[in-house]
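**Student:** Residues per chain, in single letters:
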Amino acid sequence: MQIPAPFDYVRATSVDNALELLSRHGPESRVVAGGHSLLPMMKLRLSRPEWLIDINDLYELDFILRQGDKLRIGALTRHTTLLESDEVAALFPIVRDAEAVIADPIVRNRGTIGGSLCQADPAEDLSTVCDVLGAEAVIRGPAGERILAMADFHRGPYETAVGQDELLCELRFPVRPRSGSAYEKVERRVGDWAVGAAGASVTLAEDGTIADAAVGLTALGLDHTVAGVAELLRGRQPGEELFAEAARLAAAASDPVADQRGPIDYKRHLADELTRRVLRRACARAAQTQEG
Amino acid sequence: MQISMTVNGNEVTSDIEPRVLLVHYIREVLGLTGTHWGCDTSNCGTCVVLMDGQPVKSCTVLAAMAAGHDIRTVEGLANGGTLDPVQQGFMEEHGLQCGFCTPGMMLTARALLDKNPHPDTTEIRQAISGQICRCTGYATIVRSVQWAAAHPAGGDSDPTAADVIDGTDTVVEDIPAQIQDTEVKA
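Chains B and X, in that order, are what the protein sequence lines are. All residue numbers for the first sequence refer to our numbering, where the first residue is 1 and numbers rise by one. All residue numbers for the second sequence refer to our numbering, where the first residue is 1 and numbers rise by one.
Bound-form chain B, shown alone:
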């Protein structure tokens, strides 16, 4: 039977209250939202916080809000809510692509976008989604609010810029016209971590050429986005040869490790193939947006 080591439990009543509790209980306190990463780690005694601060009552962090050219998503928004949101799917189809393959439907009822990003597992899907969409993370702490680009938010596997006494509150996604995005993952079975996955976001110019693009990889040994993709694609017409060039760049940038999910050459092949597929789909979606 897996039971966590003893801890004290407290429910935060507001963001301010959560920050106060984090300051009061210090480095041995941890925030719990959906709990589907933290609780299994606690059950395996890989994590032994003395205090658990439950933020599930902070409804102020559970929202999807369009504000001007930004879409604001609260950190406590559940995976199921994101998957089912037509507004999110219309603006950022990559989110629905990714959410449909995150864990399983029941885990998605509990897990949150903020929890996934803060857990920062290298095989976690939403980090790649946020990277390619150019999202910003809104973090609150005792000193107030700070807003970080994803490149500054991620520090590496299981490590983010969120301090011990801080809370990730919100993600902000820039809404751009004539844009499309896509995500594709290869997994061995429902609910398993990715063998490999790729995400892409593309913005087209009025003449149909590519104005901006980003490609990211999941579980393939690359932090942040593939360098040089935007420079390679900018000003050129979308097409198979161009996608293949970008895919070669992605495969070269990947640095996968061999494990029970596959050998290095297979994973590098995935980086290449999945990049072509997501660029193809992102461009097609961007073109549709342009027509509509």
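Don't take every hint at face value.
What follows is a set of in silico ranges between Cβ atoms, one per label pair, in the way DEER data are often shown [claimed, not checked]:
| id | chain 1 | residue 1 | chain 2 | residue 2 | range |
| --- | --- | --- | --- | --- | --- |
| 1 | B | 264 | X | 11 | 54 to 62 Å |
| 2 | B | 44 | X | 4 | 25 to 33 Å |
| 3 | X | 10 | B | 257 | 47 to 55 Å |
Here are a few chain B residues that face chain X, going by a calculated C-beta distance under 7 Å [unchecked claim]:
| id | residue |
| --- | --- |
| 4 | 2 |
| 5 | 40 |
| 6 | 228 |
It is worth saying that the hints were derived from the structure and are not from the lab. We put the beta carbon where it would ideally sit given N, CA and C, even for glycine.
Based on the hints, put chain X in the right spot on chain B.
**Tutor:** Just chain X now, with coordinates in the frame of chain B:
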């Protein structure tokens, strides 16, 4: 710590350690052993209960986190002596063999039908994709949920033609086309 929640319509209050998981609270403190305890790692789904109407894996929720919420377990499916249509469907269509995954499967089915009264087979398969039947009786589980969808009021009368969505005598394809596509791509 003291916690209170509603379980199958009854208010319960207990003094527990914060580290008690919901599955153990339900089974050992409340004595409701219909909720099964399986993999302990949120993979198998036999511990599924409904929390505010949504399926959750109770091995990965603290009892303390469920405090103040409305919990429904398999014991809360039947209404008095009348089985829920989902339970009846599992009887009619032989939806269980060893029975270990059954409580979780039935609760997920109930939540699915409450949200979507006429799911197609793909939707049913997706809904239960986070749960494992080690007897591999998935085809009959899907048929059981279809039976329940076709008999929203339960009962032993034959459904009218209009009630029958997919028909209980209809052969369920083992692998719907959409899922096949996904697997080929993968």
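**Student:** Run every hint past the structure and note whether it holds.
**Tutor:** Structure-based check of each hint:
Separation of residue 264 of chain B from residue 11 of chain X is about 57 Å and conforms to the stated range, judged on CB atoms against 54 to 62 Å. A hinted range of 25 to 33 Å for the beta carbons of residue 44 of chain B and residue 4 of chain X is consistent with their spacing of about 30 Å. A beta carbon spacing of about 51 Å between residue 10 of chain X and residue 257 of chain B agrees with the range 47 to 55 Å that was offered as a hint. The beta carbon of residue 2 of chain B is positioned within 7 Å of a beta carbon in chain X (closest approach about 5 Å), and the interface hint is therefore held.
Annotation: residue 40 of chain B was flagged as interfacial toward chain X, and the flag holds, the nearest CB pair being 6 Å apart, inside 7 Å. Proximity of residue 228 of chain B to chain X is violated relative to the hint, the smallest CB-CB distance being about 27 Å (cut-off 7 Å).
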